[in-house]
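Take a look at the letters that make up each chain.
2 protein chains.
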Amino acid sequence: MARVINTASAQMGPISRSETRRDTVRRLIEMMREAKARGAELVVFPELAFTTFFPRWLIEDEAELDSFYETEMPGPETAPLFEEAKKLGIGFNVGYAELVHEQGKKRRYNTAILVDPGGEIVGKYRKVHLPGHDAPQPGRTHQHLEKRYFEPGNLGFGVWRAYGGVMGMCICNDRRWPETYRVMGLQGVEMVMLGYNTPYDHTQHPDIDSLTQFHNHLSMQAGAYQNATWVVGTAKCGVEEGSNMVGQSVIVSPSGEIVAMASTIGDEVITARCDLDIGKRYRETIFDFARHREPDAYRLIVERKGAVPPPM
Amino acid sequence: MARVINTASAQMGPISRSETRRDTVRRLIEMMREAKARGAELVVFPELAFTTFFPRWLIEDEAELDSFYETEMPGPETAPLFEEAKKLGIGFNVGYAELVHEQGKKRRYNTAILVDPGGEIVGKYRKVHLPGHDAPQPGRTHQHLEKRYFEPGNLGFGVWRAYGGVMGMCICNDRRWPETYRVMGLQGVEMVMLGYNTPYDHTQHPDIDSLTQFHNHLSMQAGAYQNATWVVGTAKCGVEEGSNMVGQSVIVSPSGEIVAMASTIGDEVITARCDLDIGKRYRETIFDFARHREPDAYRLIVERKGAVPPPM
Numbered sequence: 001m002a003r004v005i006n007t008a009s010a011q012m013g014p015i016s017r018s019e020t021r022r023d024t025v026r027r028l029i030e031m032m033r034e035a036k037a038r039g040a041e042l043v044v045f046p047e048l049a050f051t052t053f054f055p056r057w058l059i060e061d062e063a064e065l066d067s068f069y070e071t072e073m074p075g076p077e078t079a080p081l082f083e084e085a086k087k088l089g090i091g092f093n094v095g096y097a098e099l100v101h102e103q104g105k106k107r108r109y110n111t112a113i114l115v116d117p118g119g120e121i122v123g124k125y126r127k128v129h130l131p132g133h134d135a136p137q138p139g140r141t142h143q144h145l146e147k148r149y150f151e152p153g154n155l156g157f158g159v160w161r162a163y164g165g166v167m168g169m170c171i172c173n174d175r176r177w178p179e180t181y182r183v184m185g186l187q188g189v190e191m192v193m194l195g196y197n198t199p200y201d202h203t204q205h206p207d208i209d210s211l212t213q214f215h216n217h218l219s220m221q222a223g224a225y226q227n228a229t230w231v232v233g234t235a236k237c238g239v240e241e242g243s244n245m246v247g248q249s250v251i252v253s254p255s256g257e258i259v260a261m262a263s264t265i266g267d268e269v270i271t272a273r274c275d276l277d278i279g280k281r282y283r284e285t286i287f288d289f290a291r292h293r294e295p296d297a298y299r300l301i302v303e304r305k306g307a308v309p310p311p312m
Numbered sequence: 001m002a003r004v005i006n007t008a009s010a011q012m013g014p015i016s017r018s019e020t021r022r023d024t025v026r027r028l029i030e031m032m033r034e035a036k037a038r039g040a041e042l043v044v045f046p047e048l049a050f051t052t053f054f055p056r057w058l059i060e061d062e063a064e065l066d067s068f069y070e071t072e073m074p075g076p077e078t079a080p081l082f083e084e085a086k087k088l089g090i091g092f093n094v095g096y097a098e099l100v101h102e103q104g105k106k107r108r109y110n111t112a113i114l115v116d117p118g119g120e121i122v123g124k125y126r127k128v129h130l131p132g133h134d135a136p137q138p139g140r141t142h143q144h145l146e147k148r149y150f151e152p153g154n155l156g157f158g159v160w161r162a163y164g165g166v167m168g169m170c171i172c173n174d175r176r177w178p179e180t181y182r183v184m185g186l187q188g189v190e191m192v193m194l195g196y197n198t199p200y201d202h203t204q205h206p207d208i209d210s211l212t213q214f215h216n217h218l219s220m221q222a223g224a225y226q227n228a229t230w231v232v233g234t235a236k237c238g239v240e241e242g243s244n245m246v247g248q249s250v251i252v253s254p255s256g257e258i259v260a261m262a263s264t265i266g267d268e269v270i271t272a273r274c275d276l277d278i279g280k281r282y283r284e285t286i287f288d289f290a291r292h293r294e295p296d297a298y299r300l301i302v303e304r305k306g307a308v309p310p311p312m
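Chains as they are written, first to last, in UniProt numbering: chain A, 1 to 312; chain B, 1 to 312.
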């Protein structure tokens, strides 16, 4: 019996700084309806989908900074998205800035949740790999202050049984790190959902930045193939507050092949029929981890954080 | 000051079962000379470069099996390759079946060595990820008995300072596993050399096997990009004893881009000017491991060998 998730990736064009959550949620709902109308039972939205990508600015006023975060999910402004999902009977994955008080401290995370078609949150993930800097860098037209505004996620790379499969999440820069997919792969993940906001000037080296689209896809395709999992990558893209961000949202098969891709840099829904059993054939042959992996040879991956070249 | 290694990948067409080591070494020497004439100071040969790919057969006679292994390196038949390298002042990487007595036992490894332009062995690697089976599989026209004829390498993924950079090796199936490159990346590797023998029917699933070329490149390109290293991948290819093997030997930049690729499935030398400092720009930005990796979140990679999905 085929195990299929009809899946949508709902790419977003820019969100201006002045756009309200009410407006943004309306855009998300419109795409959710389209996804449902096209047969999807799950729709994947971008990272930080309710506001503009605020880490591009140094924001020193704490109340102003807080205004970009959600203190409850759903909250008054995001609840309509959950209600619509329940009404339509479609699940979703969405990213947002999360502000919580934990262990007596105000904590900020770059978070994503998985919501089932009944409107219930079934999984939460907090971004582990924070890119950028913790202080403004001279000479940049746009900052990238994720290391200032978030702490690394403390929930690990979890997976959840939902939609008839094993579902995992990661966010944006996580997709470049093979460890991300592997930790989920070792938990039998069958679909990794991720959203991203990726400016073309993220490294400030023109030779690297000119390859942003290629690197975006290469990372997701390798993660999919090497872990026999579907990967659904959803961009917020286009020119947002002067920052030019990559689109090319994709749905990637466990073969590593891109089977659906956005053709615009605006709000756009793409869909694919994701047969989870495609991954099974890889897991039983070339990527039968139990037969082929050699963890003793991998110890450095956890024993060492930075690279240490041999002495000269 | 640019740190450049002018590098050649010397792809081999088929080696028949009846071909002698003397004949094979002559082919290798011919390509070594061409590599040198085209400015290379290092040439990368395939996996198991001195004989046909014997794991495709069940060989029950121990003396016959032993005949495919090298008991010394260089030995009488392989020494001319070392002598020619020394004469030309070019280094090389080559793979061979290694038979040794260690800890009172006869041991078999799928091995590669790095030889400097003076003809001295400076590094040895034994293949960690052995694909295939330890017993013949019914219904296969060609077996893949690496798990029968070799034990997993016991030297780890080392790196060596040579050619002005940090050099690493792996072999064939190792290239599909992100752990391979990452362990070397954590030692600052700047060039990974690897040879492969990859039949198109390696999984026996036509939908997977038809993507053999794509998967070959995807794995090496991702490994290069995600670890900011050059990757030189050299095939033994073409139709060898009825087995159809993938070519498309490549030199991959730390950007993940293929900068040189073989255009035949026979003996063919490709070259590239490999500037090690291209990798430096990646290591100082997006892949600054010390700033961005989160090893605590990766523990499962070493704690678990096989995948364990969550309970139903």
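Rather than coming from a laboratory, the hints here were simulated on the basis of the structure.
Incorrect hints may have been included.
Just so you know, same-sequence chains aren't split out, so a pair can sit in one copy or run between any two.
With a Cα cut of at most 30 Å, we get these calculated DSS-like pairs of lysine-lysine [stated by the list, open to error]: (1) 87 with 106; (2) 86 with 305; (3) 147 with 280; (4) 305 with 124; (5) 86 with 147; (6) 305 with 280; (7) 87 with 280; (8) 87 with 147; (9) 280 with 106; (10) 124 with 86; (11) 105 with 305; (12) 147 with 105; (13) 147 with 124; (14) 106 with 124.
Status of each hint after checking the structure:
no. : hint         : verdict
1   : 87 with 106  : neither (34 Å within a copy, 68 Å between copies)
2   : 86 with 305  : neither (43 Å within a copy, 39 Å between copies)
3   : 147 with 280 : between (37 Å within a copy, 22 Å between copies)
4   : 305 with 124 : both (25 Å within a copy, 26 Å between copies)
5   : 86 with 147  : neither (35 Å within a copy, 51 Å between copies)
6   : 305 with 280 : between (32 Å within a copy, 17 Å between copies)
7   : 87 with 280  : neither (33 Å within a copy, 52 Å between copies)
8   : 87 with 147  : neither (38 Å within a copy, 54 Å between copies)
9   : 280 with 106 : neither (43 Å within a copy, 37 Å between copies)
10  : 124 with 86  : within (18 Å within a copy, 60 Å between copies)
11  : 105 with 305 : within (26 Å within a copy, 37 Å between copies)
12  : 147 with 105 : within (17 Å within a copy, 53 Å between copies)
13  : 147 with 124 : within (20 Å within a copy, 41 Å between copies)
14  : 106 with 124 : within (18 Å within a copy, 52 Å between copies)
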